[in-house]
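*Asks:* One letter stands for each residue in the lines below.
There are 2 protein chains.
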Amino acid sequence: MPNHQGSLDLMFHALADPTRRGIVERLVRGPASVSELARPLEMSLPAVLQHLQVLESSGLVISEKAGRVRTCRVEPAALRAAESWLGAQRTAWERRLDRLDDILASHRSGDSAAEGDDRA
Amino acid sequence: MPNHQGSLDLMFHALADPTRRGIVERLVRGPASVSELARPLEMSLPAVLQHLQVLESSGLVISEKAGRVRTCRVEPAALRAAESWLGAQRTAWERRLDRLDDILASHRSGDSAAEGDDRA
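The listed protein sequences derive, respectively, from chains A and B.
Residue numbers for the first sequence follow my numbering, so the first one is 1 and each next one is one higher.
Residue numbers for the second sequence follow my numbering, so the first one is 1001 and each next one is one higher.
Be careful, since some hints might not be right.
[As the list claims (entries may be wrong)] Chain A residues, not near chain B, derived (Cβ > 10 Å throughout): (1) L10; (2) A38; (3) E64.
[Claimed, not checked] Residues from chain A that keep clear of chain B, each with C-beta distances beyond 10 Å, as calculated: (4) D9; (5) P18; (6) A32; (7) R39; (8) E42; (9) P46; (10) H51; (11) G59; (12) I62; (13) V69; (14) D98; (15) G110; (16) S112.
[Said to hold, decoys possible] Per label pair, the in silico range of CB-to-CB distance: (17) A:G67 x B:R1070: 56 to 66 Å; (18) B:M1043 x A:G6: 11 to 21 Å; (19) B:D1101 x A:G87: 22 to 32 Å.
Hint data in this document are derived by calculation from the structure and do not stem from the laboratory.
No experiment lies behind these values; they were computed from the predicted model shown.
Heads up, the beta-carbon is just placed ideally off N, CA and C, and yes, glycines get one too.
Given only the sequences and the hints, what does the whole structure look like? Please build it.
*Replies:* Following this line, the structure appears as structure tokens:
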């Protein structure tokens, strides 16, 4: 799935920066204009726009311009795709632990059966 | 939380590459030696080692050397930290949707009350 892989590349890259994660954390609470997003950030507007561009190319943020105001929104489906990849890894890992538990349990019951044999 | 932010930076950066995600996908199924990890990959051993180094600095993978064999394992706590940040964003977003639903519902009941008033 090259497209899916490519979008995971872009999404994780976009999230690998504290300013961009901060923008996502702001946008999950509701849409915001570029100037609202820029206000709390200690950087130039062009720097903020560059971060927004990385977020938009990753699909995590979408924006629309109405008159002179550009409003940004988070794209929850993109967040879910990244979360779902991580969830799948956790599930695979937990499944492996469960299998190890089963193996251990069956060895233990094998041991007690063997001990029973010894005692007999 | 600069340390927490820093580790999220490193983790998301580590996951922004399909080869490194492939290594994580392999390691959640169980530990593997460096040569086992390198076998299916179409790249030089130094390139594989470089990817492993990025994964290790992010805390997602840990490795141990016994004799001439270096064995790699996934660190589930690190995977969980990245998943948990994404989960928190999803939760914040869903909470906002719930609030919007409540506002909409209270407006609707306000409207029907007003319609009732008109009819009276």
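*Asks:* Taking the hints in turn, state whether each one holds.
*Replies:* Hint check results:
The non-interface label for L10 (chain A) is inconsistent with chain B: the shortest C-beta to C-beta separation is roughly 8 Å, within 10 Å. Once the 10 Å rule is applied to beta carbons, A38 (chain A) is consistent with being away from chain B; the minimum gap is 20 Å. For E64 (chain A), the shortest C-beta to C-beta distance to chain B comes to about 18 Å, beyond the 10 Å cut-off, and the non-interface label holds. A cut-off of 10 Å between C-beta atoms contradicts the statement that D9 (chain A) is not in contact with chain B; the least separation is 5 Å.
A Cβ of chain B approaches the Cβ of P18 (chain A) within 10 Å, the least distance being about 5 Å, so the stated non-interface status is violated. Non-interface status of A32 (chain A) relative to chain B is upheld: no Cβ of that chain comes within 10 Å, the nearest being about 12 Å off. At roughly 20 Å from the closest C-beta of chain B, the C-beta of R39 (chain A) stays outside 10 Å, upholding its exclusion from the interface. No beta-carbon of chain B comes within 10 Å of the beta-carbon of E42 (chain A); the shortest separation is about 15 Å.
Every beta carbon of chain B lies more than 10 Å from that of P46 (chain A), the smallest distance being close to 22 Å; the non-interface claim holds. Non-interface call for H51 (chain A) relative to chain B: holds, since the shortest CB-CB distance, roughly 14 Å, exceeds 10 Å. No Cβ of chain B comes within 10 Å of the Cβ of G59 (chain A); the nearest lies about 14 Å off, and the non-interface call holds. Once the 10 Å rule is applied to beta carbons, I62 (chain A) is consistent with being away from chain B; the minimum gap is 14 Å.
For V69 (chain A), the requirement that its beta carbon stay farther than 10 Å from each beta carbon of chain B is met, with the minimum near 20 Å. Chain B leaves D98 (chain A) outside its interface by the beta-carbon criterion, the shortest separation being 13 Å against a cut-off of 10 Å. Separation of G110 (chain A) from chain B is adequate, the least Cβ-Cβ distance of about 22 Å exceeding the 10 Å criterion. Every C-beta of chain B lies more than 10 Å from that of S112 (chain A), the closest at about 27 Å, which supports listing it as non-interface.
Between G67 (chain A) and R1070 (chain B) the Cβ separation comes to about 59 Å, which falls inside the hinted range of 56 to 66 Å. For M1043 (chain B) paired with G6 (chain A), a C-beta distance near 18 Å keeps the hint of 11 to 21 Å intact. In this structure, D1101 (chain B) and G87 (chain A) meet the distance hint of 22 to 32 Å, their C-beta atoms being roughly 26 Å apart.
Consistency with the previously given hints fails for numbers 1, 4 and 5, ordered from lowest to highest.
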